[in-house]
Each structure stands twice: as C-alpha cells, then as structure tokens.
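A.B. asks: One letter stands for each residue in the lines below.
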Amino acid sequence: MPQKEILQFSVSRLEILDAEGNLDADLDPRLPDEKLLALYRGMKVGRAADARMLNLQRQGRIGTFAPCTGQEAVSCAAALAMSENDWFVGAFRELGGRLMRNEPFWQYLVYHNGFEEGNAGHESGRTLPFSVIVAAQTLHAAGVAYAMKYKNEKAAVVVFFGDGATSEGDFHEALNFASVYKLPVVFVCQNNGWAISIPREKQTNSRSLAQKALAYDIPTVQIDGNDALAVYREVRRAIERGYEGQGPSFIEAETYRLLMHTTADDPRKYRTDDEVECAWKNCPLVRFKRYLEDRGIWNDEREAALDESIKQEIDEQVRIFESRRDFKNDALFDNVYSTRHAIIEEQRAMFHENLTLERHNG
Amino acid sequence: MAKLNMVQALTLAMDQEMERDPAVVLLGEDIGPDEGVFRVTAGLWQKYGDERVIDTPLAESAIVGTSIGMAFAGLRPVGEIQFSGFSMLMVAQLEAYASRTRSRTFGRWTAPIVIRMPYGGGVRAMEHHSESREATFAHFPGVKVVIPSSPRNARALLAAAIRDDDPVVFMEPKRSYRAFKEEVPDEPELIPIGRAQVVQEGADLTVISWGAMMRPTLEAVEMVQLERGASIEVIDLLTLAPLDHTTFVESVKKTGRCVVVQEAPRNLGIASEVIALLNEGAFFHLEAPIRRVTNYDVITPYFGRELMYIPSVGRIKRGIEETLDT
Numbered sequence: 001m002p003q004k005e006i007l008q009f010s011v012s013r014l015e016i017l018d019a020e021g022n023l024d025a026d027l028d029p030r031l032p033d034e035k036l037l038a039l040y041r042g043m044k045v046g047r048a049a050d051a052r053m054l055n056l057q058r059q060g061r062i063g064t065f066a067p068c069t070g071q072e073a074v075s076c077a078a079a080l081a082m083s084e085n086d087w088f089v090g091a092f093r094e095l096g097g098r099l100m101r102n103e104p105f106w107q108y109l110v111y112h113n114g115f116e117e118g119n120a121g122h123e124s125g126r127t128l129p130f131s132v133i134v135a136a137q138t139l140h141a142a143g144v145a146y147a148m149k150y151k152n153e154k155a156a157v158v159v160f161f162g163d164g165a166t167s168e169g170d171f172h173e174a175l176n177f178a179s180v181y182k183l184p185v186v187f188v189c190q191n192n193g194w195a196i197s198i199p200r201e202k203q204t205n206s207r208s209l210a211q212k213a214l215a216y217d218i219p220t221v222q223i224d225g226n227d228a229l230a231v232y233r234e235v236r237r238a239i240e241r242g243y244e245g246q247g248p249s250f251i252e253a254e255t256y257r258l259l260m261h262t263t264a265d266d267p268r269k270y271r272t273d274d275e276v277e278c279a280w281k282n283c284p285l286v287r288f289k290r291y292l293e294d295r296g297i298w299n300d301e302r303e304a305a306l307d308e309s310i311k312q313e314i315d316e317q318v319r320i321f322e323s324r325r326d327f328k329n330d331a332l333f334d335n336v337y338s339t340r341h342a343i344i345e346e347q348r349a350m351f352h353e354n355l356t357l358e359r360h361n362g
Numbered sequence: 001m002a003k004l005n006m007v008q009a010l011t012l013a014m015d016q017e018m019e020r021d022p023a024v025v026l027l028g029e030d031i032g033p034d035e036g037v038f039r040v041t042a043g044l045w046q047k048y049g050d051e052r053v054i055d056t057p058l059a060e061s062a063i064v065g066t067s068i069g070m071a072f073a074g075l076r077p078v079g080e081i082q083f084s085g086f087s088m089l090m091v092a093q094l095e096a097y098a099s100r101t102r103s104r105t106f107g108r109w110t111a112p113i114v115i116r117m118p119y120g121g122g123v124r125a126m127e128h129h130s131e132s133r134e135a136t137f138a139h140f141p142g143v144k145v146v147i148p149s150s151p152r153n154a155r156a157l158l159a160a161a162i163r164d165d166d167p168v169v170f171m172e173p174k175r176s177y178r179a180f181k182e183e184v185p186d187e188p189e190l191i192p193i194g195r196a197q198v199v200q201e202g203a204d205l206t207v208i209s210w211g212a213m214m215r216p217t218l219e220a221v222e223m224v225q226l227e228r229g230a231s232i233e234v235i236d237l238l239t240l241a242p243l244d245h246t247t248f249v250e251s252v253k254k255t256g257r258c259v260v261v262q263e264a265p266r267n268l269g270i271a272s273e274v275i276a277l278l279n280e281g282a283f284f285h286l287e288a289p290i291r292r293v294t295n296y297d298v299i300t301p302y303f304g305r306e307l308m309y310i311p312s313v314g315r316i317k318r319g320i321e322e323t324l325d326t
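Chains as they are written, first to last, in the working numbering: chain R, 1 to 362; chain E, 1 to 326.
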C-alpha cells in the first residue's frame, strides 16, 4: 500500500490594471463607460468622505472611526458588481461601497457621533449595519445566504472582512458552513497588510490568505485589491457562481491601509513612513484615473467638476447630520424587547426623573 | 515611591512579576511593539522579548485557550483581551475549562491564568467598547473577578492575581486609566484577592462600590458629608468573586443604611448579590431599604448618550440622601 499524493492545490493571482495604469486587455471586464465613471465617482466619494470624517473627528464633531483611505477599490468595485438584490455584509472599512449602496453619509456620521439612530431607517434593505466584532459577520453572511437558497431567491451575499479576521474561529466556521451547504457567499478578504499593529506575515504563517479557502474546497483567488477592474471581475464571477448554485467563492484582495487603524491609533509606532509612502504610489484612484484618461473619457476639467460636485454632496450630508439633534434621550428603552414591559418602563420613568433632577441641580 | 497613573501602575506590576518569575508570560493582540492599545504593556516587549510578550493572531478564544494550556504546563500566562466587549468570544474557554478544571480533576490540574481587559464607559469609545460585564464572569463558579479602582490598588491586585492559583478575570476601569495619579511604592506590594477595603469609616450609612464608580462615589460622599455633616462609611469591593461579605455585612450592621453603586445594568448585577447577602446577614440591623444606583437594563448606549445612563455624582448623592432620609 504505497503512499501517494491524492490532492494538489494551487493559488493564482490576478491583476488587470497595474499601478501605472497599464491594462491587460484580455482580462479587462469591458465595463461600459457609464459604469466606469460611476465606479470612479464612487471611489472618489469614498475618499472624500473619509477625509471629511477625519476632519470632523479632529474637530471633536464625531468620535473615533476607522478610516478607509486606500481601500476604496475593494468595496466600491464590489458594490458595482452587485445587484440591489444581493446582500452587502460589511465590517467597518467599506465606506465607499456603503455609499454606493445608497447608504446616506449623514447616517454614517450619526453612528460615528455615538447615536444608534445611525443604524436605522435607510433605504437599502440588503445592506447590513456595521459589524465591529472581527469576523462575526462572516457567519451572518452564511446565514443570510442559507435563507436566500431556502427561499429560492436569485441573490448572493458579499461579505467583507480583514486579514486579521482570518485568525478568528468564526471565519473558519463560516467558510465551512457555506461550503457544506453550497451557499451563494462571496467572501471578500480586504488584506490591507495590518491588523492594528500586527503585520500580515505575523498574523498567519500561510503564504497567502486565499489558500485558507482551499481547506474548505472553496474556489479562491488572490487579486490586486487596488485594481478596481480585478475586484469587479472576480466579485461578478463569484456572484454568478452563487446564482448558479455552485456555492461560495473566496477573494483575497491585497490592498493597504494608508491611514491609522482608527483615529485612536498611532501607526508610527509599528510601521515606517517609507512603507506608507511607497503604498501611496499604489493608490487605487490614481491608476483608475489614468485608465479613464487613456480611454479618452476623462480630463482635468471633468476631474475638477467631479471634485466640486462631490464636495457639495458631502457638504450637504454634513449639514443634514449637524441639523439632526432631535434624538430622544430615552430611545434606548424603546427597543429592549419587541413589546413593552413593566420593569423596563419603570426604569424609563426612573431615567426621566434622574435626568430632570440632574438638570435642576446643575 | 513614584506618582503613577493606573496604566503605569499596571505596567509596573507586570514588569516586577516577570522579573520575579520566569514562568510569567504575556499574550494578547498588539501588546508587543505597539505596547497595547492603551499602552499597558509599555516597554515590556523591549525588555523581555517575543517569547515572553507574545503578539498573538487576532483570536480571543485562542488567547484564553492557549493560556489554559500554558498554565497546565507550568507557565503563568497573563492574557490581554483588547476590550472587554471582545471577551465574549473567549467565554467558552473560560466557562468550560478555566473555571472548572480544579473541580473536575479534584485539584490534579489547575488553570492559574489572568485575563486582563479594559472595561466600562465614559471615554467616548466605539460600539462594544463600553460595557461592564463583571457579573457575567462572576457567575462562573471557580473564576475570580477583580476590579481595581486606583493606581496603587491596581498594581497590588494585579501582582496578587498573577500569583494566584486560580483563574482571575482582571477588569481594568479604562475611565480611570489616566484620570489621576497616586503614590505607588517601588517595592512589590500585594492586596489579597477576596478582600474588600474600607476606604473610609463612618457611622450613619455604608456606600459600596467598585472600579470606575469609586471616584464619583467618593465625590458624592464628600458632598453629603459637607452639606449634612453625615458620617459615611465607604467600601471598595476590589474582588467581585468571591465576595468579601464579612466586611460589608459588619459595616451595615454598624450603620444600618446602605447604598450600592454599580456602573453595569441593574438586572442581576453585583449589587443584587451584595443586597441579597446583606438581607441574609444584616437584615435586623437595617433602618432603611438598601438602595442601588445603577445603569438601566438597556444595551450600553453609544457614547452620544452614555453619560445620561451611567450613574453620575448627582444620582449617587441623591441615592445617599434618600437613604439617609428614609
């Protein structure tokens, strides 16, 4: 009884548009101009919104948040590849994609200003709220996908998480569950190189994150996550696979967190300025702009007009955010349970009495 | 003697324990070059290296599960959970293994681990970063739960926790991390785990609290004393499991009145247990119903509203006054 090899695995890497804006024409998903322009706009909005948040945070007008600068291609190109029926299950670094899913920026600001109202009331029914607990949302995605399959709906679930998430148990449980039941989940790993201070190579000894999916027999690929065309192509293919009942897919999108983990973090403690400076040269927006120019559909004039329109849009959202001051103090008591209960209502009354006395006594 | 804040005092405790005992190792997320997100492990990786200050992959269950294994094999691991909100991911290891290993093997195996975590609100933190879940851990038989309230007792309690032969959940009130400084002796100092501290003696009423609530409690007590000339005894529980009921039962037997101040929600908190023990031990000495000043039974609010929900100096003061007037 000889010992023989029974399985072989390999991982491939995909790049379509490189950092200099060179295109591999064979792999180009050949998006129509209006989609390309929508994608560029989405990434620019994400970048500008992030910058505005940093500003607001520094002025004390919102609290701590996790900047997304540098990672716009992943969530934006994925959002473009999704239909309204598909589910967007994010962590906390997908600002551009969330805005492309029509989440109002002002609500995002409300959340980051410490009010639960920021999670309520928006129109895009299939975009789940923030998930702060690392990797927890990967299991929710598997559950949502199970429900879609059960209901015979043509819908896929695109779930985002970081490189650090691949170390959590929930992540492995989600991959396994999705694979066992052949669920339409697209696992999008935003490998941005850093889990706070832990570099990717210390997070795992695996040579790629993509290979982790192989253990669960999930088709997998590593892509340049700053290449919006590669992201679009792979997410679209994975969604189609999901629609066709072929089960989950895994995409490791290599990108880079250009700013801090959150505004409470100081990255100079654990990485060099040189590394960050180099990473800026890989910025997903620069190469995409060059690509649009090469196609003859973009120029400086259009760029200026776009910047101006984005600025106005963001100004307007900030204005709405700042005008919303009508939050109920006792809102937390409204949603403890689906129905009202005497003991909670007694506590609500106690809460109001305490607040009143607090005001009277200064 | 040096004046230290709580963060520095905790660092000092770990440093001295690591010097004393080579079996002490630290593990957690971002505790190495980054020195912990609150800098509690400042300088320790530089001093003790990768093998004793372990920057773990991002996995809370792994931090506690591997700590248990290290303890089985003779090490004294001190795990850090970055924020207590993430601690629920390791509860299976704590409940199913750390808490019961001594009992299920009649002492043949034990899990002397320390699990440190910052807890509590009032610092405008993100979602899941402001809860007070001490009662959750205190409910597991076999787990000790310790919460310091000042730099000096933080240092002495953490050193004692590291030397303790049982699993200790060591919860650090992050609101107090850098709030004030205190003289901390250079020489190692220990406070026995399982012992409450009478912070000040008094005759008319006993106030019981712990952790981040100690400062507003003391402020409220001082105001009531000044305004009404009342004599108030103050007890800092320090260890929440096992509770030092003797200290507070004796106190309330003496004063006949009691207020318990708790940052956590009201339902099934440590305050509930303290009041049950007082009912058993001091009922016939009571002059008034025991009051508790607590958060409410709602999810811990995001920071926009958190200060309306966490007990304030004013609320604590009113609780004391109402109990004195009953």
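You may find that some hints are simply not true.
As the list claims (entries may be wrong) - Distance ranges between label pairs, derived from CB positions:
#: 1; chain 1: R; residue 1: I343; chain 2: E; residue 2: A179; range: 31 to 37 Å
#: 2; chain 1: R; residue 1: D326; chain 2: E; residue 2: A92; range: 41 to 47 Å
#: 3; chain 1: E; residue 1: T246; chain 2: R; residue 2: N176; range: 47 to 53 Å
In short, the hints are calculated from the structure, not lab data.
Note that beta-carbon positions come from the ideal geometry of N, C-alpha and C, so glycine has one too.
A.B. asks: At the C-beta level, are T246/E and N176/R separated by a distance inside 47 to 53 Å?
C.D. replies: 51 Å, holds
A.B. asks: Holds or violated: 31 to 37 Å for the Cβ distance of I343/R and A179/E?
C.D. replies: Hint holds: Cβ distance 33 Å, inside 31 to 37 Å.
A.B. asks: Return holds or violated for the Cβ distance of D326/R and A92/E against the range 41 to 47 Å.
C.D. replies: Since the Cβ atoms of D326/R and A92/E sit about 42 Å apart, the hinted range of 41 to 47 Å holds.
When each numbered hint is compared with the structure, no violation occurs for any of them.
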